[in-house]
Amino acid sequence: MATTTAFEYAPAPEARDSARLRSHYGIFVDGAFRDGAGDAVQTIDPSNEQALAEVAQAGAADVDAAVAAARRAHDSVWGAMPGRERAKYLFRIARAIQERARELAVLESLDNGKPIRESRDVDIPLAAAHFFYYAGWADKLEHAGLGAAPRSLGVAGQIIPWNFPLLMAAWKIAPALAAGNTVVLKPAETTPLTALTLASIIAECELPPGVVNVLAGGPEVGQALVEHAGIAKIAFTGSTEVGKLIQRTLAGSETRLSLELGGKAANIVFEDAPLDQAVEGIVNGIFFNQGHVCCAGSRLLVQESVADDVIAALKSRVETLRLGDPLDKNTDIGAINSAAQLARVRELSDVGDAEGAERWSPACALPERGFWFPPTIFTGVSSAHRIAREEIFGPVLSVLTFRTPAEAVEKANTTPFGLSAGIWTEKGSRILWMARQLRAGVVWANTFNRFDPASPFGGYKESGFGREGGRHGLEAYLGR
Amino acid sequence: MAAERLRVRKTYKLAIGGAFPRSESGRSYPVSDPAGVLLAHAAQASRKDARDAVVAARKAFPGWWGATALNRGQVIYRIAEMLDGRREQLAAEVSAAEGCAPGSALGQVDESIDRIVWYAGWADKFAQVAGSANPVAGPYFNFSVPEPTGVVAILAPQQSSLLGFVSVLAPVLCTGNTAVIVASEARPLPAASLAEVLATSDLPGGVANVLTGFTAELAPWLASHRDVNALDLTGADRAARTALARSAADTVKRVFVPRDEDWSRDPGLERLSAFVETKTVWHPVGV
Numbered sequence: 000m001a002t003t004t005a006f007e008y009a010p011a012p013e014a015r016d017s018a019r020l021r022s023h024y025g026i027f028v029d030g031a032f033r034d035g036a037g038d039a040v041q042t043i044d045p046s047n048e049q050a051l052a053e054v055a056q057a058g059a060a061d062v063d064a065a066v067a068a069a070r071r072a073h074d075s076v077w078g079a080m081p082g083r084e085r086a087k088y089l090f091r092i093a094r095a096i097q098e099r100a101r102e103l104a105v106l107e108s109l110d111n112g113k114p115i116r117e118s119r120d121v122d123i124p125l126a127a128a129h130f131f132y133y134a135g136w137a138d139k140l141e142h143a144g145l146g147a148a149p150r151s152l153g154v155a156g157q158i159i160p161w162n163f164p165l166l167m168a169a170w171k172i173a174p175a176l177a178a179g180n181t182v183v184l185k186p187a188e189t190t191p192l193t194a195l196t197l198a199s200i201i202a203e204c205e206l207p208p209g210v211v212n213v214l215a216g217g218p219e220v221g222q223a224l225v226e227h228a229g230i231a232k233i234a235f236t237g238s239t240e241v242g243k244l245i246q247r248t249l250a251g252s253e254t255r256l257s258l259e260l261g262g263k264a265a266n267i268v269f270e271d272a273p274l275d276q277a278v279e280g281i282v283n284g285i286f287f288n289q290g291h292v293c294c295a296g297s298r299l300l301v302q303e304s305v306a307d308d309v310i311a312a313l314k315s316r317v318e319t320l321r322l323g324d325p326l327d328k329n330t331d332i333g334a335i336n337s338a339a340q341l342a343r344v345r346e347l348s349d350v351g352d353a354e355g356a357e358r359w360s361p362a363c364a365l366p367e368r369g370f371w372f373p374p375t376i377f378t379g380v381s382s383a384h385r386i387a388r389e390e391i392f393g394p395v396l397s398v399l400t401f402r403t404p405a406e407a408v409e410k411a412n413t414t415p416f417g418l419s420a421g422i423w424t425e426k427g428s429r430i431l432w433m434a435r436q437l438r439a440g441v442v443w444a445n446t447f448n449r450f451d452p453a454s455p456f457g458g459y460k461e462s463g464f465g466r467e468g469g470r471h472g473l474e475a476y477l478g479r
Numbered sequence: 000m001a002a003e004r005l006r007v008r009k010t011y012k013l014a015i016g017g018a019f020p021r022s023e024s025g026r027s028y029p030v031s032d033p034a035g036v037l038l039a040h041a042a043q044a045s046r047k048d049a050r051d052a053v054v055a056a057r058k059a060f061p062g063w064w065g066a067t068a069l070n071r072g073q074v075i076y077r078i079a080e081m082l083d084g085r086r087e088q089l090a091a092e093v094s095a096a097e098g099c100a101p102g103s104a105l106g107q108v109d110e111s112i113d114r115i116v117w118y119a120g121w122a123d124k125f126a127q128v129a130g131s132a133n134p135v136a137g138p139y140f141n142f143s144v145p146e147p148t149g150v151v152a153i154l155a156p157q158q159s160s161l162l163g164f165v166s167v168l169a170p171v172l173c174t175g176n177t178a179v180i181v182a183s184e185a186r187p188l189p190a191a192s193l194a195e196v197l198a199t200s201d202l203p204g205g206v207a208n209v210l211t212g213f214t215a216e217l218a219p220w221l222a223s224h225r226d227v228n229a230l231d232l233t234g235a236d237r238a239a240r241t242a243l244a245r246s247a248a249d250t251v252k253r254v255f256v257p258r259d260e261d262w263s264r265d266p267g268l269e270r271l272s273a274f275v276e277t278k279t280v281w282h283p284v285g286v
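For the protein sequence lines, the chains are V and A, in the order given. By numbering that gives the first Met the number 0, the letter at position 466 of the first sequence is numbered 465, and the numbering carries on one by one without gaps. By numbering that gives the first Met the number 0, the letter at position 198 of the second sequence is numbered 197, and the numbering carries on one by one without gaps.
Please note that a few of the clues may not be correct.
[To be verified] Derived lysine-lysine pairs resembling DSS-like cross-links, with alpha carbons at most 27 Å apart:
| no. | chain 1 | residue 1 | chain 2 | residue 2 |
| --- | --- | --- | --- | --- |
| 1 | A | K124 | A | K47 |
| 2 | V | K139 | A | K124 |
| 3 | A | K58 | V | K410 |
| 4 | V | K328 | V | K314 |
[Unchecked claim] Okay, the calculated beta carbon distance ranges per label pair:
| no. | chain 1 | residue 1 | chain 2 | residue 2 | range |
| --- | --- | --- | --- | --- | --- |
| 5 | A | R237 | V | S382 | 41 to 47 Å |
| 6 | V | M80 | A | F19 | 56 to 62 Å |
| 7 | A | W117 | V | A383 | 54 to 60 Å |
| 8 | A | V128 | V | E357 | 22 to 28 Å |
| 9 | A | P203 | V | P415 | 41 to 47 Å |
None of these hints come from the bench; they were simulated from the model. Remember, predicted model here, so these are calculated numbers, not experimental data. Even glycine gets a Cβ: it sits at the ideal position worked out from N, Cα and C.
Let the sequences and hints guide you as you build the complete structure.
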C-alpha cells in the first residue's frame, strides 16, 4: 500500500502535545469534576494499545446525582431562561470549540484512532457548527412548526457511540439545550476524552451547574439512565440490538425516545455514472472513519455492464490509500477503535470467506501493535450472504451487481435497515426516481457521507426513528 | 293490509385486499346493542386473517404511495362523497351500536364526513408543511420530505364506532401509508359498513384492510409482525399496551399512544406526523 510510489510520503505527524492530555479525567456532575462510584479505567490509544489516561467511571449513585442536578437546573434556571440568553451560551460553546479545535482534533484521534485529517476537517468543525446552528434556534422555537408555545421536556438522557465521539455529543447536546432541556450524557466506554473536555469547555462558558452532566461508564450506566424515573427523554445512537433493548425497556412508559441505529447502506452505481467521482464516492462511503459509520456505504451495487471497470478502478484507488499513524496528516485509514470491534470485523469477514465471496485487500503492512484491519473488498456477494445483510462497522465493502433500476431498488431495500443510500448516475430523472424508491432516511446522490447541522439525519425501519439536525431535530426535544 | 316486506339482512364480513371474505377460520361472534339486543353476527378474524391483511397492505403500498398526492386527496374526498350518500344507514348503525339517539348518531356521521374532507385536503399540503429545503454549508442542494412509514396496524377506538374509526384511519391513508385496522370489538358494524364505502371510493384494494374480531387476540400478531412498520395503540386495553409496545420494539416499530380520545377535538397534525419518515436528499451543485 503506497510502498512503491515514485515519491514517498515523509511522515507528517501532528504534535501529540496539542491534545493537552491529562493523566486523570473525572466525571462531570452539577458543574464540577469528581471521581465516580465505579472503578476508574484506563482509556487507550487503539493505534498502539498504550494507555492515554485514567478515566473515572460513574455508578448508579452518580446517575441519581446527575439526574437530580439536571432536574434542578432545568426547573430553576435553564428551562425558564429566555431563549435569547440560552442562545448566547450555545454560541459561546460553538466559539470555544473552534478556539480549541486543534486540541480537540488531536485528542479525538488519540482516543478513537481516526485519522487526524478527518477529526480536524470533519468531526470538530461539524461539532462547532452544530452548536452554532442550534444556538440560533433557542429564541425561535415558536417558529419551528411545533406549536405556538412548545415546551422543553425536562432532563434528557443521551447515550452516544464511539465512532464520532465529540460530534455525537454535539448532535445530542446542542438541540436539547436549545429547546430548554438539561442533559445527562454518557459517552462510549472507549472514547470518553473529548466529551469530558467538552464538559470543561461548557464549564468555562459558565453554563449553570447541572445543565450538562457527563458520566463516563459502561453499559450499566446507560441502563441506569434509561431506567431512571427522573428522565423525560432518551436519545440513543448505537447498535440496533441495544436500540431494541432500550425501546423494550421504555415500552409503556411516558419517556420519549429517539433512536439512531445501524445501517447497511446500498451505494448504487449506474453505467452512466461519472466513474472517477463514483470511485471516490465509494471509497469515501466505506473507508471514511475505517467504516465505523452507521450510514457507511457498505454494500456497493454496481450495474453489471460496468462492474468490471468499476471494481478495477476501485482496487487501483484503494491501493493508494495510506493506512497507519492516525496523527499523520497523510493517513487515510486509521485504527479500528477497539479489540472487540476488531474481533467482530474479523469474524464477519471470515464468514464472507466461508460463504464463498472473494476477498481482496491491497498489499498492506499493518502496524504490529494496536488494532488494525486492511481495507477489504468482497466480490461475488449475493443478497443472502451475511456480509450483505449484517452491519460490519469496519472497512469492509460487499460488492453486488444489478441489471435494471428496479432490481437495484429491490436489492437496496431488502434489508431491515434503512438509514442511508447512495446513487451515482448522470441522469437527473433517474436520481429523483431512485431517491423516492429507496427506503432510507438519507439519500446521497453523486456524493456520499455528507453531514450538516441544517440537514435532518435518521433512519427508516430498524435504523431507528426521530431525526437529528435541522428544524426536524428540535422535535425530539420539545413537547406541547 | 299488505304483509310487511321481509328485509334482506346483511352479512357483516372482513375487508382484505379489496375483497370481503368471512374469516378464514369460519368463526363469527354475536354483536349486541348496549341493551343486549342481538344486532348481527360479525366475522371474528383470526391470526391468519391478520397476516393476509398485512400481505395485502404491503402489496398495495407501492401503488398508493406512488400515486400523486392530488390523486390520494381526491380518493379520500371520494370516501366522503360515498359516505354522505349512506349517512342515514350509517347513522342507524351507529345509533344501534352505541345506543345513542338518532340525532346524535347522525351528527357523528356528519362529523366523520367532514373529518374525511379535512384530511383529503391535507394530502397535497402536508409535505409542504413538514418538508424543508436545508441551507447546508457547502455546494449541495439538500431537501427533506415526509414519506409514509409503510404498513400501519391500527387498533381503532373501542367506544366511538365510526367517528373514532375514521379519525384514526384517514390520517394514516392521507400521507400514503396502507393500513390494517381492527374495528371496535363490541361495536364493529359501522366500521364493517364503512369498509363497503371505502371499496366504492376508488381506494385501491389492500390500502385499507378492515378486521372485526377480538382486539386482544389480533393485536399481538400485528405488534410482532415483521412486515408491519407502525402500530397505533388507540383501541388497545390500557393494561395491554405495555406488552404490545414491547413486542413492537423487536422490529423497531413506531408506536403511537394517543393523548386522549376526544374525537370532537380539532385533530391537528399529531396523527399525520406520527406515521411519516423524513427523507433527506443531497446533490452537488456545480457546472
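Verification of the hints:
Distance restraint check for K124 of chain A and K47 of chain A: the Cα-Cα separation of roughly 37 Å exceeds the 27 Å cut-off, and the hinted pair is therefore not satisfied. A hinted pair counts as satisfied when its Cα atoms are at most 27 Å apart, and K139 of chain V with K124 of chain A qualifies at roughly 24 Å. Only pairs whose Cα atoms come within 27 Å are accepted, and K58 of chain A paired with K410 of chain V is accepted, the gap being roughly 17 Å. This hinted pair checks out: K328 of chain V and K314 of chain V have alpha carbons roughly 23 Å apart, not beyond 27 Å.
Distance hint check: the CB atoms of R237 of chain A and S382 of chain V are about 42 Å apart, consistent with the given range 41 to 47 Å. Evaluation of the 56 to 62 Å hint for M80 of chain V and F19 of chain A yields a pass: the beta carbon distance comes to about 59 Å. For the pair W117 of chain A and A383 of chain V, the beta carbons lie near 46 Å from each other, so the given range of 54 to 60 Å is not met. For the hinted restraint 22 to 28 Å between V128 of chain A and E357 of chain V, the CB-CB distance of approximately 50 Å leaves it violated.
Against the hinted window of 41 to 47 Å, the Cβ-Cβ separation of P203 of chain A and P415 of chain V comes to about 26 Å, which falls outside the hint.
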